[in-house]
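Trainee: Residue numbers (the working numbering), protein chains in the order written: chain A, 1 to 223; chain B, 1 to 227; chain C, 1 to 66; chain D, 1 to 203.
Quick caveat, the hints were computed from the structure, so don't treat them as lab data.
Backbone N, C-alpha and C fix where the C-beta goes; we use that ideal spot for every residue, glycine too.
It is possible that some hints are incorrect.
Interface residues of chain B toward chain C, partial, derived using beta-carbon atoms under 10 angstroms [unchecked claim]: (1) Ile19; (2) Leu81; (3) Phe85; (4) Thr92; (5) Trp96; (6) Trp201.
Anything over 12 angstroms on all C-beta distances counts as not near chain B; from chain A, calculated [as the list claims (entries may be wrong)]: (7) Leu2; (8) Ala28; (9) Gly30; (10) Leu31; (11) Val34; (12) Thr35; (13) Phe42; (14) Glu50; (15) Asp81; (16) Ile104; (17) Gly108; (18) Leu113; (19) Trp129; (20) Pro130; (21) Gly190; (22) Gln191.
Below, in silico cross-link-like pairs of lysine-lysine (DSS-like), each with a Cα-Cα straight-line distance of 30 angstroms or less [unchecked claim]: (23) D:Lys167 to D:Lys126; (24) C:Lys56 to B:Lys8; (25) B:Lys218 to B:Lys136; (26) A:Lys223 to B:Lys218; (27) D:Lys118 to D:Lys179; (28) C:Lys59 to B:Lys218; (29) B:Lys219 to C:Lys56; (30) D:Lys19 to B:Lys136; (31) B:Lys219 to A:Lys223; (32) D:Lys111 to D:Lys130; (33) D:Lys19 to B:Lys219; (34) D:Lys180 to D:Lys167; (35) D:Lys179 to D:Lys122; (36) D:Lys19 to B:Lys218; (37) D:Lys65 to D:Lys180; (38) B:Lys218 to C:Lys56; (39) D:Lys118 to D:Lys130; (40) B:Lys8 to C:Lys59.
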Amino acid sequence: MLSLLSKGLVVFRKDLRLEFRSLYALNAIGLFAVTTITAVSFSLGPVRLEPNILAALFWVVIFFSAMSGLAHVFIREEEQDTGDMLRLVFPPNAVLVGKWLFNIVLLGGLCLLIIPLFVIMLGAEVGNWPAMLAMTASGVFAMATVSTVIAAIIALSGSRGALFAVMTFPVALPVLMTAIHGTRVALEGGQLADCGNDLKVLFSFTIVIMTVGFLLFETIWRK
Amino acid sequence: MRNGMWWKSFLAVWMSVVIWAAFYYAPRAKALGETTRVLFFHVPCAWVATLSFIVAAIASILYLRNARPQYDWVAYASSHLGLLFTVLASVTGAVWANEIWGDPWNWDPRQTSIFFLMLIYAAYFALRSGIEDPAKQARLAAVYAIIAGVAMPFFMFIVPRIYESLHPDPLINESGKVKMNGKMLQVFLSSMFGFTVLYFWMLRQKIALLRGEFMLMKKLIQEGEAR
Amino acid sequence: MINLAKVLDAVAQADSAVAQMAQPEKVVGENIFVVMAVTLLIWFGILGYLFYVDMKLRKLNDRLAE
Amino acid sequence: MDLHVENLTQRFGFRTVIKETSFVLPAGQSLVITGDNGSGKTTLVRLLCNLLTPTAGTISYRNGKGALEGEDLRGRIGLVGPYLQLYRDLSAIENLAFLARGRGEKPDAQKIRELLEKVGLKGRGKDPLKTYSSGMLQRAKYAAAILHNPDLLILDEPTANLDEAGKEMVLAVVNEQRKKGSLVVATNEAEERTWGEQHVVLA
Numbered sequence: 001m002l003s004l005l006s007k008g009l010v011v012f013r014k015d016l017r018l019e020f021r022s023l024y025a026l027n028a029i030g031l032f033a034v035t036t037i038t039a040v041s042f043s044l045g046p047v048r049l050e051p052n053i054l055a056a057l058f059w060v061v062i063f064f065s066a067m068s069g070l071a072h073v074f075i076r077e078e079e080q081d082t083g084d085m086l087r088l089v090f091p092p093n094a095v096l097v098g099k100w101l102f103n104i105v106l107l108g109g110l111c112l113l114i115i116p117l118f119v120i121m122l123g124a125e126v127g128n129w130p131a132m133l134a135m136t137a138s139g140v141f142a143m144a145t146v147s148t149v150i151a152a153i154i155a156l157s158g159s160r161g162a163l164f165a166v167m168t169f170p171v172a173l174p175v176l177m178t179a180i181h182g183t184r185v186a187l188e189g190g191q192l193a194d195c196g197n198d199l200k201v202l203f204s205f206t207i208v209i210m211t212v213g214f215l216l217f218e219t220i221w222r223k
Numbered sequence: 001m002r003n004g005m006w007w008k009s010f011l012a013v014w015m016s017v018v019i020w021a022a023f024y025y026a027p028r029a030k031a032l033g034e035t036t037r038v039l040f041f042h043v044p045c046a047w048v049a050t051l052s053f054i055v056a057a058i059a060s061i062l063y064l065r066n067a068r069p070q071y072d073w074v075a076y077a078s079s080h081l082g083l084l085f086t087v088l089a090s091v092t093g094a095v096w097a098n099e100i101w102g103d104p105w106n107w108d109p110r111q112t113s114i115f116f117l118m119l120i121y122a123a124y125f126a127l128r129s130g131i132e133d134p135a136k137q138a139r140l141a142a143v144y145a146i147i148a149g150v151a152m153p154f155f156m157f158i159v160p161r162i163y164e165s166l167h168p169d170p171l172i173n174e175s176g177k178v179k180m181n182g183k184m185l186q187v188f189l190s191s192m193f194g195f196t197v198l199y200f201w202m203l204r205q206k207i208a209l210l211r212g213e214f215m216l217m218k219k220l221i222q223e224g225e226a227r
Numbered sequence: 001m002i003n004l005a006k007v008l009d010a011v012a013q014a015d016s017a018v019a020q021m022a023q024p025e026k027v028v029g030e031n032i033f034v035v036m037a038v039t040l041l042i043w044f045g046i047l048g049y050l051f052y053v054d055m056k057l058r059k060l061n062d063r064l065a066e
Numbered sequence: 001m002d003l004h005v006e007n008l009t010q011r012f013g014f015r016t017v018i019k020e021t022s023f024v025l026p027a028g029q030s031l032v033i034t035g036d037n038g039s040g041k042t043t044l045v046r047l048l049c050n051l052l053t054p055t056a057g058t059i060s061y062r063n064g065k066g067a068l069e070g071e072d073l074r075g076r077i078g079l080v081g082p083y084l085q086l087y088r089d090l091s092a093i094e095n096l097a098f099l100a101r102g103r104g105e106k107p108d109a110q111k112i113r114e115l116l117e118k119v120g121l122k123g124r125g126k127d128p129l130k131t132y133s134s135g136m137l138q139r140a141k142y143a144a145a146i147l148h149n150p151d152l153l154i155l156d157e158p159t160a161n162l163d164e165a166g167k168e169m170v171l172a173v174v175n176e177q178r179k180k181g182s183l184v185v186a187t188n189e190a191e192e193r194t195w196g197e198q199h200v201v202l203a
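Make a model of the complete structure from these sequences and hints.
Mentor: In structure tokens:
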């Protein structure tokens, strides 16, 4: 278990280093988010959006940004034929741990960009910051988990990302619905306790998907 | 094929009786009027769609434990039927909702759930169509079916908390009591049974088709290799 | 994308929709044609599917028998 | 580490690539796999490396204590093949350090430097692999394959992309490996067929 985690960290650090050299995924998801928010802000002009619309928009941006970049971490291994090297040297679940951590960091970093943009460009007023941050963090955690597992299937199926959004959406729908609900509560000024149920759902969902992911990853990963 | 004849004749008689009973024998519920009778066809469709999903998920687990193509045929055929029945259930639901609520689609929890199932089936087929190697296709599709199966209970749990339901609850309400009267219940349960048998008959046919296609491919390729 | 927007929109509209529909109109549900439509849709769907599968199966058996 | 292959069969779809192949390779011996293009050399190599799950039959590695699996096995095999690439955005040193860490070892800078010198990449270790020629890439792959002193070294088309000097390097690696452990070579070159005591011919 410990060796799984430490080897997972090795894969994670390798992916982080590769990402900083090419900046592919960072560019893809960052620019997607900025473009979308700018387009909405531009077309709205001075109009301010209601919390329920803002919450939905927030998660739509995160979802589609994730879809544009999170599969890359697996697809690159197959495109550059380095996947076999990983298969040869690393235990399968260590690879999953590494990719999972990488996607969490990537999507978490994206939120650090999106939240200020929402406040500045869309004039979002956050009623309760602790609740907002808790919802964002647990939503991103869940979203990165679902995407990572589906991304592995996508990369190995050889469809190279075209199907990623189509396949992730149904599985991520519980995450989206819960996160939007909780974010709306937070924007309207509800306390952290008011989001308690949503947080519970997100956490249990993440844990269940991750468990299934660990059980099945070897069947996906072996060719 | 004699076995098949037995299935066919049983289904023909049983479903004819169910249709007759739905229109002439079953009484109407107060709030729903004549459209009560929709229930005897629409609800079994939704049930069969759910049943297909469960069968596909179980067959997928079996396939990953033991990679026999038969399990994959069951999963694939069942998903195919699931897609058909989710479409039927949602279309007929929309026709009925248009009459009774004045709006064909309003994201009622049950509409949402059936829509969710439809999306999963669609994604499942999209995934399969992109992979050429049959073993790989079966394996990855099975993994996806299982992940979707795991997400399903969450979905069922979350949706009613977010959307209010207008959907009539004729069979089981919150206190767990059956609200249908005796005659309605008889027809309803007979129809459910008939549709379930119909599902297994259709599944059988589709599996026979998949087996035939498998045999044909095998034959063609062996002929090609022999040359 | 459109469907997602609808799902999200529905969250926003759920409350108002419930308020509107809480009072049922006077005469609903007496339209027997709706029942006909539903029944026929289902049977045509199922039969169409079965005929399609049957046809393909017959063709396949012919080819295998060759 | 002995290699036992029993009734190995591999099918892709309906095509049978490897059909009921059996052989035993005792520790310290070398095996040459030959066969026409498309006869399944690469498939057999990938099966031996545990990169593919066989349709039927078994591949087992045994030493005195019993069958080796998973973690125990991963550290004992080295592979060079045209479908196995290193990270193009990382330097040779970074690639080798990554692989060493993946096997649970601390990367030894001194050892890595010596290894790069041995395969003829002296002075280029810090450059990213995308600046390498195809011959240099092949050399880097050899460094990656022998980094952990594998019990079994598997070479698929060992001298592809290499010039005369490169072939000499490969020969040195092969001779050293034959003294220390087992070797499997998949090739059609006449010269390389002499590298093994045992032969498997795939049809």
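Trainee: Going straight from one Cα to the other, do Lys59 of chain C and Lys218 of chain B come out at no more than 30 angstroms?
Mentor: holds, 17 angstroms
Trainee: Answer holds if the nearest beta-carbon of chain C is closer than 10 angstroms to that of Thr92 of chain B; otherwise answer violated.
Mentor: Given a least distance of 4 angstroms, the restraint on Thr92 of chain B holds.
Trainee: A closest beta-carbon separation below 10 angstroms is what the hint needs, so does Ile19 of chain B meet it against chain C?
Mentor: Holds - the Cβ of Ile19 of chain B comes within 10 angstroms of chain C, reaching about 7 angstroms at its closest.
Trainee: Is the straight-line distance between the alpha-carbon of Lys219 of chain B and that of Lys56 of chain C 30 angstroms or less?
Mentor: holds, 17 angstroms
Trainee: When you check the alpha-carbon spacing of Lys118 of chain D and Lys179 of chain D, does it fall within 30 angstroms?
Mentor: Cα-Cα ~17 angstroms, so holds.
Trainee: Per the CB criterion, is Trp96 of chain B less than 10 angstroms away from chain C?
Mentor: Since the shortest Cβ distance to chain C is 6 angstroms, the answer is holds.
Trainee: Would you check the hint for Lys180 of chain D and Lys167 of chain D, treating anything up to 30 angstroms between C-alpha atoms as holding?
Mentor: holds, 20 angstroms
Trainee: If we take the beta carbon of Ala28 of chain A, is the closest beta carbon in chain B still more than 12 angstroms away?
Mentor: holds, 21 angstroms
Trainee: Could you check if Leu81 of chain B really has its C-beta closer than 10 angstroms to a C-beta on chain C?
Mentor: With a closest approach of 8 angstroms, the Leu81 of chain B hint holds.
Trainee: Under the criterion of a CB-CB separation shorter than 10 angstroms, is Trp201 of chain B in contact with chain C as hinted?
Mentor: holds, 8 angstroms
Trainee: Beyond 12 angstroms from every chain B Cβ: check whether that's true for Ile104 of chain A.
Mentor: Its Cβ never comes within 12 angstroms of chain B, the nearest being 18 angstroms, so this holds.
Trainee: Is Lys111 of chain D within 30 angstroms of Lys130 of chain D, Cα to Cα?
Mentor: holds, 23 angstroms
The structure agrees with every numbered hint stated previously.
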